[in-house]
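Novice: Read off the chains here:
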Amino acid sequence: MSEIDMAVIKPEMMKPYIWLETSDGSIQQVEQEIAMYCPLICQEIIQKGMGSSKSCAICLPQRVSPVTLSLILDYCRFHQVPGRSNKERKSYDEKFIRMDTKRLCELTSAADSLQLKPLVDLTSRALARIIEGKSPEEIREIFHLPDDLTEEEKLEPLKNTTDDPRIRLLNRLYAKKRKELRERERLKNVEVEEEHVDERSVDDLLSFINGNDGDPKEVKTSKNKKKNRRKKEQQQKNSSLKEASEVNKVEVNGQSIRHQSAEADRIAETSNSHTEDVFAHREFDDGDIDDGIDPALKEKIDREVEDFARRLNSDWPERMQELLSSGQERKMMLFTPNGNSFLRRNA
Amino acid sequence: MKTETEPNETESDWSELTRECLINILSRLSVEDRWRGTMLVCKSWFSVFKEPSLHFVFNLDPQFDSPTESTRWWTPEFEAKIDNMLRSVVEWAQSSLTHIRIRHCSDRSLALVAQSCPNLEVLFIRSCPRVTDDSISRIALSCPKLRELDISYCYEITHESLVLIGRNCPNLKVLKRNLMNWLDPSQHRGIVPDDYLNACPQDGDDEAAAIANSMPGLEQLEIRFSKLTAKGLNSICQGCPNLEFLDLSGCANLTSRDIANASSSLVHLKEIKKPNFYIPRSVFHTERYGHWSLYDERFQTDIFQI
Numbered sequence: 001m002s003e004i005d006m007a008v009i010k011p012e013m014m015k016p017y018i019w020l021e022t023s024d025g026s027i028q029q030v031e032q033e034i035a036m037y038c039p040l041i042c043q044e045i046i047q048k049g050m051g052s053s054k055s056c057a058i059c060l061p062q063r064v065s066p067v068t069l070s071l072i073l074d075y076c077r078f079h080q081v082p083g084r085s086n087k088e089r090k091s092y093d094e095k096f097i098r099m100d101t102k103r104l105c106e107l108t109s110a111a112d113s114l115q116l117k118p119l120v121d122l123t124s125r126a127l128a129r130i131i132e133g134k135s136p137e138e139i140r141e142i143f144h145l146p147d148d149l150t151e152e153e154k155l156e157p158l159k160n161t162t163d164d165p166r167i168r169l170l171n172r173l174y175a176k177k178r179k180e181l182r183e184r185e186r187l188k189n190v191e192v193e194e195e196h197v198d199e200r201s202v203d204d205l206l207s208f209i210n211g212n213d214g215d216p217k218e219v220k221t222s223k224n225k226k227k228n229r230r231k232k233e234q235q236q237k238n239s240s241l242k243e244a245s246e247v248n249k250v251e252v253n254g255q256s257i258r259h260q261s262a263e264a265d266r267i268a269e270t271s272n273s274h275t276e277d278v279f280a281h282r283e284f285d286d287g288d289i290d291d292g293i294d295p296a297l298k299e300k301i302d303r304e305v306e307d308f309a310r311r312l313n314s315d316w317p318e319r320m321q322e323l324l325s326s327g328q329e330r331k332m333m334l335f336t337p338n339g340n341s342f343l344r345r346n347a
Numbered sequence: 001m002k003t004e005t006e007p008n009e010t011e012s013d014w015s016e017l018t019r020e021c022l023i024n025i026l027s028r029l030s031v032e033d034r035w036r037g038t039m040l041v042c043k044s045w046f047s048v049f050k051e052p053s054l055h056f057v058f059n060l061d062p063q064f065d066s067p068t069e070s071t072r073w074w075t076p077e078f079e080a081k082i083d084n085m086l087r088s089v090v091e092w093a094q095s096s097l098t099h100i101r102i103r104h105c106s107d108r109s110l111a112l113v114a115q116s117c118p119n120l121e122v123l124f125i126r127s128c129p130r131v132t133d134d135s136i137s138r139i140a141l142s143c144p145k146l147r148e149l150d151i152s153y154c155y156e157i158t159h160e161s162l163v164l165i166g167r168n169c170p171n172l173k174v175l176k177r178n179l180m181n182w183l184d185p186s187q188h189r190g191i192v193p194d195d196y197l198n199a200c201p202q203d204g205d206d207e208a209a210a211i212a213n214s215m216p217g218l219e220q221l222e223i224r225f226s227k228l229t230a231k232g233l234n235s236i237c238q239g240c241p242n243l244e245f246l247d248l249s250g251c252a253n254l255t256s257r258d259i260a261n262a263s264s265s266l267v268h269l270k271e272i273k274k275p276n277f278y279i280p281r282s283v284f285h286t287e288r289y290g291h292w293s294l295y296d297e298r299f300q301t302d303i304f305q306i
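One line per chain: the protein sequences are V and Z, in this order. Taking UniProt numbering, the leading residue of the first sequence gets 1, the next gets one more, and so forth. Taking UniProt numbering, the leading residue of the second sequence gets 1, the next gets one more, and so forth.
Derived by calculation from the structure, the hints in this document are not laboratory data. Quantities reported herein were computed from a predicted structural model and do not represent experimental measurements. Among the hints, erroneous ones may be present.
[Claimed, not checked] Pair ranges (Cβ atoms, derived): (1) V:HIS144 - Z:ASN242: 33 to 39 Å; (2) V:PRO118 - Z:THR71: 47 to 53 Å; (3) Z:SER47 - V:GLU88: 51 to 57 Å; (4) V:MET99 - Z:ASN171: 45 to 51 Å; (5) V:ARG89 - Z:LEU141: 49 to 55 Å; (6) Z:SER96 - V:GLU88: 35 to 41 Å; (7) V:THR101 - Z:ALA252: 45 to 51 Å; (8) V:PRO118 - Z:ALA260: 52 to 58 Å; (9) Z:GLN187 - V:THR150: 41 to 47 Å.
C-beta: ideal position from N, C-alpha, C; glycine also.
Input sequences plus hints: build the corresponding full structure.
Specialist: Laid out in structure tokens, this is it:
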């Protein structure tokens with residue numbers, strides 16, 4: 001501790017003291033000059049004349065525990081000394097906030113309740129640095145927070161508020177098709193597994209593994225076979241994906257609207273670079289909403305969906321026209337994926 | 001310091017930062033960190049995330065500042081995403097939004113901005129193929145405090161909107177109305193839809209007249225690759241006497257003499273970016289000639305300026 005610090009604390013200098021009561025009921029005697037660095041305490045002393053004796057100690061806010069109070073007073077003790085350079089203050093601040101996140105949070109809240117803005121800013125900056133670049137899961141772990149947001153709430157800022165409500169029905173139709181596809185694929189995989197039953201004896205397998213009786217060429221060909229098998233499996237996967245995307249193409253008024261399958265979405269998502277996807281959120285898929293519904297109700301919904309799909313081609317153009325014409329005199333351009341519908345101005 | 005009783009630390013729920021503290025912390029994070037991280041943590045943090053004081057500024061520009069543009073940015077799906085983000089921010093800001101810097105939005109979200117952001121001062125909406133005169137005229141009528149406007153690469157906005165903006169936003173100091181490089185569009189090919197590239201506005205002089213007649217207080221003007229002629233430039237220099245910065249890069253219809261004559265009346269002018277380009281060698285495949293390098297330096301001088 002420097003001489004200046006010692007000078008501040010020396011009792012023989014007869015510095016006036018004040019009494020402070022923390023949240024747990026403990027009462028502490030503190031140098032007035034230091035305590036008055038906190039605006040809240042300063043107000044209590046000047047306006048209400050509190051803290052002069054133990055019987056009328058200043059009651060500190062609930063969030064100020066004895067431990068946080070001692071930290072706050074350390075901070076005040078250093079900063080209220082005049083003549084310190086900015087470099088010294090910065091260096092002190094950096095060391096001061098080297099503490100665990102829990103204590104940092106408590107200190108932030110306590111400093112805030114004492115209206116000690118410089119310390120609030122310092123600790124907030126430190127906490128912001130901790131949060132920076134972290135995923136929601138990591139933040140939850142650090143701060144011991146519950147994961148109580150629903151998928152809908154997470155997507156609320158990105159959801160299309162002007163969507164036609166019937167689009168939800170269309171999504172269900174897509175989801176149903178996706179389920180059927182998945183089932184079909186699963187069955188196909190089971191069949192493939194059944195086909196590849198190994199009928200070689202244990203001895204044959206062991207000799208193959210150990211490389212006995214077989215010339216190196218044989219081993220090499222087996223590797224190639226493995227490669228070919230992998231290639232075939234990959235091709236199968238790709239073709240099934242392609243099939244999925246084909247099934248999810250729906251003709252609307254002569255224009256194909258493509259709805260990617262969940263798998264394709266996932267693949268596309270991983271391939272997108274960080275910059276491409278501005279604040280990527282998981283897309284909320286309401287495809288499985290129907291799970292666990294009463295069969296009769298499910299049947300009714302399915303009928304509704306199929307009916308909607310049938311009516312889609314005839315009804316959609318008028319509906320779109322209605323949406324577009326309302327509130328807009330100027331013709332709106334529909335930006336189609338092939339990009340051939342821009343109005344040319346002065347071309 | 002004397003302690004009366006031994007401090008025994010009470011077990012408080014330390015994660016429960018006060019709302020004010022949490023706002024203070026979130027205000028120090030980038031937009032990306034807020035949207036990707038803190039917004040999705042839990043209900044209490046999400047409600048703080050919607051605090052109006054956190055939404056004075058909505059700046060997505062850093063997200064788009066990558067050397068290569070993405071094809072995905074020009075899709076309707078991406079545009080819808082940006083629109084929804086902007087609409088959400090406008091809702092949360094409760095008319096306190098002053099700065100918007102985004103790209104690839106549409107009339108759908110800008111109409112809401114016009115309706116709900118009377119204090120808007122900065123609006124940067126580069127590369128918005130579906131922003132039209134409709135929403136810009138609404139912005140002009142509803143956001144009189146506008147100081148800076150960037151409508152570069154927005155080809156559906158005409159000179160009519162510029163007139164409205166000029167008349168209704170007397171504080172306008174900065175206007176950016178750059179077009180894509182139509183002389184050598186190779187940098188945009190395959191990313192920007194061809195039809196949009198070809199729809200480049202041809203009415204450079206009309207736009208120049210609109211700027212000159214309605215924006216007398218303008219201090220910074222960027223009109224890169226505009227098709228204005230000497231006539232248009234003259235009207236700008238006469239109508240905007242306070243110009244300090246003028247960017248004419250790529251304005252192929254202007255000669256050095258035109259620029260010198262017109263800008264002589266601009267007493268406050270500190271910097272002017274002249275066209276200073278030559279026909280790209282890629283057009284003529286001139287790299288096969290060894291003597292091309294000799295011309296490189298000379299083409300950068302005033303003698304060879306177009």
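Novice: Would you mind marking each hint as holding or not holding in the structure?
Specialist: Against the structure, the hints:
1. A hinted range of 33 to 39 Å is violated for the C-beta pair HIS144 of chain V and ASN242 of chain Z, which are about 57 Å apart.
2. In this structure the supplied range 47 to 53 Å holds for PRO118 of chain V paired with THR71 of chain Z, their Cβ-Cβ distance being about 48 Å.
3. For SER47 of chain Z and GLU88 of chain V, the hinted distance range of 51 to 57 Å is not satisfied, since their beta carbons lie about 40 Å from each other.
4. The hinted range of 45 to 51 Å is satisfied by MET99 of chain V and ASN171 of chain Z, whose Cβ atoms lie roughly 47 Å apart.
5. A beta carbon spacing of about 50 Å between ARG89 of chain V and LEU141 of chain Z agrees with the range 49 to 55 Å that was offered as a hint.
6. Here the CB-CB span from SER96 of chain Z to GLU88 of chain V is close to 38 Å, well matched to the stated 35 to 41 Å.
7. For the pair THR101 of chain V and ALA252 of chain Z, the supplied restraint of 45 to 51 Å is violated, since their beta-carbon distance comes to about 59 Å.
8. In this structure the supplied range 52 to 58 Å holds for PRO118 of chain V paired with ALA260 of chain Z, their Cβ-Cβ distance being about 55 Å.
9. Range check, GLN187 of chain Z to THR150 of chain V: about 43 Å between beta-carbon atoms, so the 41 to 47 Å window is met.
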